[in-house]
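Chain residues, written in single-letter form:
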Amino acid sequence: MHNHALTPTGTLTGGPPNGTVISAENLTKTYGDVAAVDGISFAVPAGESFGLLGPNGAGKSTTMKMIGGVTRRTAGQLSIMGLDPDTHGPEVRAHLGVVPQQDNLDEELRVRDNLLVYGRYFGLPMSYLRPKADELLEFAQLTDKAKSKVDALSGGMKRRLTIARSLINEPRILLLDEPTTGLDPQARHILWDRLFRLKEQGVTLILTTHYMDEAEQLCDRLIVVDKGRIMAEGSPAQLIREHSTREVVELRFGSERNATIGSRLEGIGERLEVLPDRVLMYAHDGESALEQVSARGLRPLTSLVRRSSLEDVFLRLTGRSLID
Amino acid sequence: MTDAAPRTGVAGRTGLRAHPPEVSAARARRWGAFYYAEQVLRVMKGYSWSIVMYSVGQPVAYLFAMGVGLATLVDTGNAAFGGVSYLAFIAPALLVSAAVMTAANEFTFPIMDGFKWRRIYYGPHASPLTPQQIAAGQIIAVTLRLLLQSAIYFAAVALFGASTSGWGWAGILVATLTGLAFGLPLMAYSASITEDKGQFALVMRFIVMPLFLFSGTFFPLDNLPVAVRWVGWISPIWHGTELGRVFSFGYREPLLLTVLHVAFLAALAVLGWVLTRRRFTLRLGQ
Numbered sequence: 001m002h003n004h005a006l007t008p009t010g011t012l013t014g015g016p017p018n019g020t021v022i023s024a025e026n027l028t029k030t031y032g033d034v035a036a037v038d039g040i041s042f043a044v045p046a047g048e049s050f051g052l053l054g055p056n057g058a059g060k061s062t063t064m065k066m067i068g069g070v071t072r073r074t075a076g077q078l079s080i081m082g083l084d085p086d087t088h089g090p091e092v093r094a095h096l097g098v099v100p101q102q103d104n105l106d107e108e109l110r111v112r113d114n115l116l117v118y119g120r121y122f123g124l125p126m127s128y129l130r131p132k133a134d135e136l137l138e139f140a141q142l143t144d145k146a147k148s149k150v151d152a153l154s155g156g157m158k159r160r161l162t163i164a165r166s167l168i169n170e171p172r173i174l175l176l177d178e179p180t181t182g183l184d185p186q187a188r189h190i191l192w193d194r195l196f197r198l199k200e201q202g203v204t205l206i207l208t209t210h211y212m213d214e215a216e217q218l219c220d221r222l223i224v225v226d227k228g229r230i231m232a233e234g235s236p237a238q239l240i241r242e243h244s245t246r247e248v249v250e251l252r253f254g255s256e257r258n259a260t261i262g263s264r265l266e267g268i269g270e271r272l273e274v275l276p277d278r279v280l281m282y283a284h285d286g287e288s289a290l291e292q293v294s295a296r297g298l299r300p301l302t303s304l305v306r307r308s309s310l311e312d313v314f315l316r317l318t319g320r321s322l323i324d
Numbered sequence: 001m002t003d004a005a006p007r008t009g010v011a012g013r014t015g016l017r018a019h020p021p022e023v024s025a026a027r028a029r030r031w032g033a034f035y036y037a038e039q040v041l042r043v044m045k046g047y048s049w050s051i052v053m054y055s056v057g058q059p060v061a062y063l064f065a066m067g068v069g070l071a072t073l074v075d076t077g078n079a080a081f082g083g084v085s086y087l088a089f090i091a092p093a094l095l096v097s098a099a100v101m102t103a104a105n106e107f108t109f110p111i112m113d114g115f116k117w118r119r120i121y122y123g124p125h126a127s128p129l130t131p132q133q134i135a136a137g138q139i140i141a142v143t144l145r146l147l148l149q150s151a152i153y154f155a156a157v158a159l160f161g162a163s164t165s166g167w168g169w170a171g172i173l174v175a176t177l178t179g180l181a182f183g184l185p186l187m188a189y190s191a192s193i194t195e196d197k198g199q200f201a202l203v204m205r206f207i208v209m210p211l212f213l214f215s216g217t218f219f220p221l222d223n224l225p226v227a228v229r230w231v232g233w234i235s236p237i238w239h240g241t242e243l244g245r246v247f248s249f250g251y252r253e254p255l256l257l258t259v260l261h262v263a264f265l266a267a268l269a270v271l272g273w274v275l276t277r278r279r280f281t282l283r284l285g286q
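Protein chains in written order, with the working numbering: chain A, 1 to 324; chain B, 1 to 286.
Some hints could be false.
Derived pair list, reagent style SDA-like, types lysine to any residue, alpha-carbon separation capped at 20 angstroms [what the hints assert, rightly or not]:
#1 A:K158 <-> B:D113
#2 A:K149 <-> B:R42
#3 A:K147 <-> B:A201
#4 A:K158 <-> A:R194
#5 A:K149 <-> B:S50
#6 A:K147 <-> B:S48
#7 A:K145 <-> B:K116
#8 B:K116 <-> B:A201
#9 A:K199 <-> A:E138
#10 B:K45 <-> A:A146
#11 A:K199 <-> A:G234
#12 A:K149 <-> B:G46
#13 A:K149 <-> B:A201
#14 A:K158 <-> B:W117
#15 A:K227 <-> A:A237
#16 B:K116 <-> B:K197
#17 B:K116 <-> B:D196
#18 A:K145 <-> B:V43
#19 A:K145 <-> B:G46
#20 B:K116 <-> B:L255
#21 A:K158 <-> A:F196
#22 B:K45 <-> A:S148
#23 A:K227 <-> A:T62
#24 A:K158 <-> B:V43
#25 A:K147 <-> B:M44
#26 A:K149 <-> B:I152
#27 A:K227 <-> A:N56
#28 B:K116 <-> B:Q199
#29 A:K147 <-> B:K116
#30 A:K158 <-> A:Q141
#31 B:K45 <-> B:I152
#32 A:K149 <-> B:E38
#33 A:K149 <-> B:Y47
#34 B:K45 <-> A:D151
#35 A:K147 <-> A:Y128
#36 A:K199 <-> B:R17
#37 A:K149 <-> A:E108
#38 A:K227 <-> A:N26
#39 B:K116 <-> A:D151
The set of hints was computed from the structure by calculation and includes no laboratory data.
Sequences are here, hints too, so could you generate the full structure?
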């Protein structure tokens with residue numbers, strides 16, 4: 001959007017030569033006997049949008065905290081911009097912008113002051129921070145709220161302010177932990193748009209989500225995480241191709257009958273998934289699968305043919321849906 | 001400081017450039033505690049009016065009620081008051097007690113706010129600041145508040161003519177030190193609370209108030225039965241009060257005792273600081 005918006009990869013100051021900004025090898029975090037993160041490995045090149053998709057409690061946030069240099073790992077290797085967060089915490093954190101799962105804005109300060117104060121933690125001078133804060137407020141569409149108290153903001157506005165705050169030091173890596181959880185659809189779309197702009201500017205985005213549409217919108221590549229382990233890795237399209245069919249027919253026969261009718265659908269499509277509220281029928285051609293259902297004399301209350309999504313991938317890999 | 005790679009120029013028109021991360025980290029390592037203190041002071045600025053009113057109103061009310069009102073009944077040239085007026089006797093004690101009250105507030109509720117209620121500490125924790133620096137910043141800011149408040153209090157004491165020695169101003173430092181001696185161990189405790197069950201109300205009622213009343217504040221500790229005098233001996237308020245009296249009107253006590261007061265207060269403050277540091281690091285690093 002601006003003349004210097006695109007960043008050539010591999011020119012990051014202090015970064016490793018091959019352009020990998022984050023690498024994790026057998027990363028593990030245990031709390032007592034429980035392994036929150038159980039030996040995961042991945043590498044993220046500069047400029048990539050990398051997602052961790054998984055249900056609540058999968059270990060996504062713990063992974064983010066280790067990358068963010070605020071929680072020490074139990075075992076394995078981790079390097080951010082070539083630095084070990086356990087030994088170089090402040091240096092690692094100076095490279096990052098962090099949007100935590102729970103907003104922790106300073107509600108006693110005004111909107112703009114939240115940005116100024118946060119910038120001071122990076123030792124940034126006021127001569128830089130004052131105009132920068134105004135720029136970021138504009139970016140977050142909060143200019144007219146500059147002097148408001150934080151608690152007067154809506155949930156979506158607070159989230160945008162948190163994102164603006166995370167950009168005060170012009171980070172090349174942005175960590176977003178469930179950035180749109182709890183927001184209404186409109187607020188989510190505004191947020192996605194802002195994140196997409198950052199991505200266009202070459203910022204490396206690391207994001208966790210349990211929304212498959214969010215992962216599909218924003219992630220170049222993602223890992224599907226469950227119970228602290230990586231179940232699959234790839235681009236959204238790749239994962240769908242590998243682990244699901246092109247289309248899905250969603251059939252509802254009423255909660256009583258879904259299970260019993262399941263057996264009468266055998267043989268249609270590639271695979272059948274009977275859930276309490278609906279039956280999912282995986283097929284390359286949804287419409288023709290639906291015709292076969294009618295041909296067997298079955299009349300679902302509702303039917304819907306749609307493209308496969310990451311939700312289906314997740315269901316396939318874990319036998320559970322993302323949002324319980 | 002040339003930075004070849006274009007950075008996150010979000011709006012980008014002004015050509016603003018943040019300094020590189022290495023500079024951020026180096027500055028934070030050196031000045032981080034002060035950066036956080038700046039934040040706490042900014043928040044305090046939001047309620048500066050009530051801070052000033054409290055700092056001015058409290059001494060005037062207490063000095064007037066006790067030193068002028070009550071004094072008419074007790075001012076009988078009692079030698080127990082160290083040969084000075086009742087007002088001069090209690091002024092250093094009130095100065096110290098006010099600092100302790102403020103410390104008791106500043107090192108309880110805001111700490112819970114940081115860890116639990118509004119989770120304010122988790123913001124700076126994701127920045128280059130370390131948990132120890134966040135703790136230190138909070139302490140620096142409160143120390144400044146204690147100094148300011150004690151200076152205003154001392155000015156009131158002086159206006160009431162209740163400080164007879166030229167060293168009276170040292171009471172400002174004594175009060176601040178006492179506030180920290182009491183407040184820092186309390187801060188460590190506050191940082192360890194994960195569930196709010198009204199602990200702070202208990203602290204105020206069963207620790208702060210008894211210490212305030214039985215620390216030789218309104219009458220010499222020797223007037224108490226031996227059985228309860230120990231409350232004073234372990235009380236930072238008593239040590240601070242006695243020390244304040246030495247400076248305020250040349251209260252006579254063995255030099256060794258004066259040294260002991262300073263050592264006791266300093267030891268409590270250091271102990272509190274060490275425990276607080278450990279608590280902050282453990283809790284934020286979870």
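Hint-by-hint comparison with the structure:
no., hint, result
1, A:K158 <-> B:D113, "18 angstroms, holds"
2, A:K149 <-> B:R42, "14 angstroms, holds"
3, A:K147 <-> B:A201, "34 angstroms, violated"
4, A:K158 <-> A:R194, "14 angstroms, holds"
5, A:K149 <-> B:S50, "19 angstroms, holds"
6, A:K147 <-> B:S48, "18 angstroms, holds"
7, A:K145 <-> B:K116, "26 angstroms, violated"
8, B:K116 <-> B:A201, "17 angstroms, holds"
9, A:K199 <-> A:E138, "18 angstroms, holds"
10, B:K45 <-> A:A146, "18 angstroms, holds"
11, A:K199 <-> A:G234, "18 angstroms, holds"
12, A:K149 <-> B:G46, "11 angstroms, holds"
13, A:K149 <-> B:A201, "29 angstroms, violated"
14, A:K158 <-> B:W117, "17 angstroms, holds"
15, A:K227 <-> A:A237, "23 angstroms, violated"
16, B:K116 <-> B:K197, "13 angstroms, holds"
17, B:K116 <-> B:D196, "9 angstroms, holds"
18, A:K145 <-> B:V43, "19 angstroms, holds"
19, A:K145 <-> B:G46, "18 angstroms, holds"
20, B:K116 <-> B:L255, "45 angstroms, violated"
21, A:K158 <-> A:F196, "19 angstroms, holds"
22, B:K45 <-> A:S148, "16 angstroms, holds"
23, A:K227 <-> A:T62, "12 angstroms, holds"
24, A:K158 <-> B:V43, "19 angstroms, holds"
25, A:K147 <-> B:M44, "17 angstroms, holds"
26, A:K149 <-> B:I152, "30 angstroms, violated"
27, A:K227 <-> A:N56, "9 angstroms, holds"
28, B:K116 <-> B:Q199, "14 angstroms, holds"
29, A:K147 <-> B:K116, "26 angstroms, violated"
30, A:K158 <-> A:Q141, "11 angstroms, holds"
31, B:K45 <-> B:I152, "17 angstroms, holds"
32, A:K149 <-> B:E38, "19 angstroms, holds"
33, A:K149 <-> B:Y47, "14 angstroms, holds"
34, B:K45 <-> A:D151, "18 angstroms, holds"
35, A:K147 <-> A:Y128, "19 angstroms, holds"
36, A:K199 <-> B:R17, "19 angstroms, holds"
37, A:K149 <-> A:E108, "7 angstroms, holds"
38, A:K227 <-> A:N26, "15 angstroms, holds"
39, B:K116 <-> A:D151, "17 angstroms, holds"
Checked against the numbered hints given earlier, the structure breaks hints 3, 7, 13, 15, 20, 26, 29 and satisfies all the rest.
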